[in-house]
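Model the full assembly from the supplied sequences, consistent with the hints where possible.
Quick note, the sequences are listed as chains A and B, same order. Under the numbering used here, the first residue of the first sequence carries the number 1, and numbering increases by one thereafter. Under the numbering used here, the first residue of the second sequence carries the number 234, and numbering increases by one thereafter.
Since the hints were made in silico from the structure, they are not lab data. The structure displayed is predicted, hence computed values, not measured ones. A virtual CB, placed ideally from N, CA and C, is assigned to each residue, including glycine. Check each hint, because a few of them may be wrong.
For the chain B half of the interface with chain A, some residues (derived, Cβ under 8 Å), not all of them [what the hints assert, rightly or not]: (1) E317; (2) A319; (3) Y379; (4) R380; (5) F387; (6) H389; (7) G391; (8) G396; (9) L397; (10) W398; (11) N400; (12) S403; (13) V444; (14) I449; (15) L450; (16) K493.
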Amino acid sequence: MTEPAILKLENLGVTFPNHPVFTDLNLTIHQGEFWSIVGKNGVGKTTLMRAILHQLHPTTGKVSYLPNAGGVKIGYVPQFRNIDSDYPLTIKDFVGLNLTGWKWPWLSRKEHVEIEHILAETGLTKLAKRPIGQASGGERQKAYLAQALVESPNLLILDESTASLDPVTKTELLDLVIELNQRLHLTVLFVTHDIPMARKYSSQYLMLTPAGAEQGPISGLTQEKVWEGEKNV
Amino acid sequence: MFSYEFMRNAFAAGTIIAIICGIMGVFVIARNMSFLTHTLSEIGFSGAAFGVFAGWAPLNGMLLFTVISSVIVGQLSARSERREAATSAISALFIGLGILFLSLANKNASYATSILFGSVIGISASDVQQMLWLSILVLIIVFVIYRFLKFDSFDHTGARVKGLWTNTLSITFLVLVALSVSVAAQIVGSLLIFILLTLPAATAKYFAHTVGGMMILAVGLALIGVWAGLTLSYVTNYPVSFFIAAIEAVFYFLALGWQKLQTAE
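Given below as structure tokens:
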């Protein structure tokens, strides 16, 4: 049985002054799918994510979240964050930042349990009290992932989140994501340049090229196709 | 020392200021807004000078100028790359205006000195009461928006992605800083206000690793600075703002040294 669609892009286009980033993009994403979004730098991957996050108004078309299972909650994991070595918060506190709402300033017992649960899911329990400024690149990315997951999203966007990680840490993080994808039916959009990783973990792909977009089952995505698409200006 | 009413008032005012600055300072540091805080204090000076010129209490002039300008600064500097330049321009304009209003008000240099560097002698019981109400107002607003403010201050990227109203939060926070500046300027003076709004929190950052912990430590450090500063000033007759500045700076440098030792180990 096909899972319900949760996100639909219809004739979506974004044009910056005198420069169309992409046009006429149509895409339907169903719950539990793992999409890789590929394409060379400057082709509009981040712009697309911003449109999906409603951070910019598309020039044409629309992005709609289809009502299902209490609405769509998005978790977003970027590649970088402004966190230097002086940054004071512990990993646990950083993860808890995402628990907002008109509540008391302090976290409730239930919220503490939620944070501890997500720290355990992401393998961060032992590091909970470490200041995030002193954590390694991989630990930080896990903390960003945990923060994105703490409010139980049903759509997770990894925006080049693994780009600066070494191969072992990258695999560890994506193993974690695919496990959540399969166990919790979490929908994933994985923005990446890493075609082997995309092939290993995704079920579908969307390739953005200067000439247009192409999508399909992941088996159709090859490195050669990406190079070809990049040349196709 | 406490047999004098002005010293009792100064201690009460100092305690209120230390609490408000310790709490607000944590967000000022997290949002990298030390420079903007400095500018708001200069605007406070201009507002106080305007108050004198218009025949108002200096605090009311300060409140008027800092609150209006915090909204303007917030609008002008929504884009961070423009923030420093826009802040410098506004700062220059308001220092100039402050000098103009003082000159128009025909007040002498010692009056300007007391606005700029603070004075403990002039604090009346009604001033303390006004500061108390303003501080309670600031604390209530912080209490209500605490989780949003915390998220946006400590992880702006995450807060934006979540769709929090970060621009509104930013302007609300600037207005709260403006109110705090006006309150705190009564005792440490408008030019040295950024000491209490930045240094205790900057020091606390090296020792506490939760937002609540940083606030408690920052309030504690501010209280020590203010109480010790007032006492030393009473005993020696030297300016209170000198002692507060020196104590808070020493705390900060000790924290930096401690941090260096920790990372060297």
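Which of the numbered hints above does this structure break? Numbers 1, 2, 10, 11, 12, 14, 15, 16, in rising order.
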